[in-house]
Amino acid sequence: MTMKFGLYTICEFDDDAPEPEGTVIYDELPPKIGTEVILSDKKVWIVTSFEEYNSTVYVKLKEE
Numbered sequence: 015m016t017m018k019f020g021l022y023t024i025c026e027f028d029d030d031a032p033e034p035e036g037t038v039i040y041d042e043l044p045p046k047i048g049t050e051v052i053l054s055d056k057k058v059w060i061v062t063s064f065e066e067y068n069s070t071v072y073v074k075l076k077e078e
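End of the sequence shown = 78 in the numbering used here, gap-free, step of one.
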């Protein structure tokens, strides 16, 4: 599954990955931890961590 995240940015999930977590490939400076982002599924996700060297950002689904 792939979801849009900002401009030129995608969020990819393994088929067997739990839906509330994902990995975002971010094309700019990564957002701060705790930042809320909305993916193309129209759900709100929260940035939990990121890797500075390969533009990978980890997100989890915001609990309502």
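Hints are computed from structural coordinates only; laboratory data are not their basis. It is possible that part of the hints are untrue.
To be verified - Cross-link-like lysine-lysine pairs, in silico, DSS-like; alpha carbons within 30 Å at most: (1) K46 to K56; (2) K57 to K76; (3) K46 to K76; (4) K46 to K74; (5) K57 to K46; (6) K74 to K57; (7) K76 to K56; (8) K56 to K74.
These are the hints, each one checked on the structure:
Simply put, K46 and K56 have alpha-carbon atoms about 20 Å apart, close enough for the 30 Å limit, and the pair holds. Of the supplied pair hints, the one linking K57 and K76 holds, its CA atoms being roughly 8 Å apart against a limit of 30 Å. Among the hinted pairs, K46 with K76 is consistent with the structure: their alpha-carbon atoms are about 15 Å apart, no more than 30 Å. About 14 Å separates the Cα atoms of K46 and K74, which keeps this hinted pair within 30 Å; it holds.
Annotation: proposed proximity of K57 to K46 holds, straight-line Cα distance about 18 Å (limit 30 Å). With a CA separation close to 10 Å, the supplied pair K74 and K57 stays within the 30 Å bound. This hinted pair checks out: K76 and K56 have alpha carbons roughly 12 Å apart, not beyond 30 Å. Straight-line distance between C-alpha atoms of K56 and K74 comes to about 14 Å, which keeps the hinted pair within the 30 Å bound.
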